Every structure is written in structure tokens, then in C-alpha cells.
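With the hints as extra help, turn the sequences into a complete structure.
Residues in the sequence shown are numbered from 5 upward in steps of one, following the numbering used here.
The hints are simulated quantities; they were obtained by calculation from the structure and are not laboratory data. All values reported here derive from a predicted model rather than from experimental measurement. It is possible that some hints are incorrect.
To be verified - If you anchor each label on the Cβ, the simulated ranges turn out as follows: (1) Arg103 x Ser63: 16 to 24 Å; (2) Val146 x His89: 28 to 36 Å; (3) Val119 x Arg156: 22 to 30 Å; (4) Asp93 x Arg159: 28 to 36 Å; (5) Asp17 x Gln76: 37 to 45 Å; (6) Ala150 x Tyr11: 21 to 29 Å.
Ideal Cβ positions, reconstructed from N, Cα and C, are used throughout, including at glycine.
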Amino acid sequence: MVFTGYYEHGIDDKNRLAIPAKFRAIWDPDRHGKGFIIVPGRRPRTLWLYPDKLFSELSACFRSSLLPDEQQHDFEEMYYTFSDHLEMDSQGRVVLPERMLRRAGLGKDVVICGVKDHLEIHRKDDFAQRFGDDRWNSFGEVLAKASDVVRREERQPGPEGGR
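So this is what it looks like as C-alpha cells:
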């Protein structure tokens, strides 16, 4: 499953956010789980939603981290403490925890966007600033750089390269 696109949405007075129909259409509860795990995003004022089964798979990978033990413990302590499970209701909505909305500084007007394996929730004004015309106009350059990396990887000998 690959999440793509973005949608402007509102968070209602009960902190419910509707997951866009396009994202729900590719959702298979048997493969992806019944809900999401919400975590603080990598950028300030964002929250990320992972399908709960994918989050479990990622958690298994974190156990084999190359971080020193104390750093690994600090990471896990923060990551899992700041995470929460969200169930989707019959109308495709999730209730976002008040404490996470407050800490992330999200208002009621948000953008929910697909970013490959997860969804990201941004403040509407932050999203507009981050993904404005400058970003749109630089897309070709970013795509070219990514394509160059893929081509170099394909030329590398060994089990990963030379496909």
C-alpha cells in the first residue's frame, strides 16, 4: 500500500479527523490492521499515522538498531511513550489525542497527506508554506537527483545492484 496525495480537512470539536476516502479505499484491515498508530512527526507541528500492522513490523526492526544500548533505550522510551493507538470508526474517522494535538500545536484546520507508507498531519498554513510554488517548481530537480541515485544503485555489482 502506498499513500499519495493530500487533502485539507478539519478536526471537529471531539478531535475527530476523517481519513480521506482515497486512503480508506486502499485499506485492507486483514493486511494493514484496524487502525493507526499516531507518533510525533519528524518535523515540528506534524503528527504521523502508521497502519498498526506496519508499526508492529517497524518496531521489530527498531530492536535490531545499531544505536548504543542507552541511546536505544532513550529512543524507545520516547517513541513508544509519545505514540498512541487510534481506531477508525464506521465513518472512517479517528480521534486524535488532545495531548498530541496540543504538543504538536495543530489547530482545527489541517492537511492530511500520503507519504508512501504513512500519513502526515500538518497545520494548514505550515503545509501551504512548505509546499508552495517554490517547492512545486523544484520538484523536477529533486526527481532528477533521486533518479540518479537509483541509476547508480542499479549499476552496482552484487546482490542489491545490477537488477
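Starting from the hint 37 to 45 Å, judge whether the C-beta atoms of Asp17 and Gln76 obey it.
-> At 40 Å between Cβs, range holds.
Beta-carbon spacing of Val119 to Arg156 - inside the hinted bounds 22 to 30 Å or not | holds, 24 Å
Do the beta carbons of Ala150 and Tyr11 sit within 21 to 29 Å of each other?
-> holds, 24 Å
C-beta pair Asp93, Arg159: status relative to the range 28 to 36 Å that was hinted = 49 Å Cβ-Cβ, so the 28 to 36 Å window is violated.
Ser63 and Arg103 - C-beta distance against the hinted 16 to 24 Å = holds, 21 Å
When you take the CB atoms of Val146 and His89, is the distance between them in 28 to 36 Å?
-> holds, 34 Å
Hint violations for this structure: number 4 only, all remaining hints satisfied.
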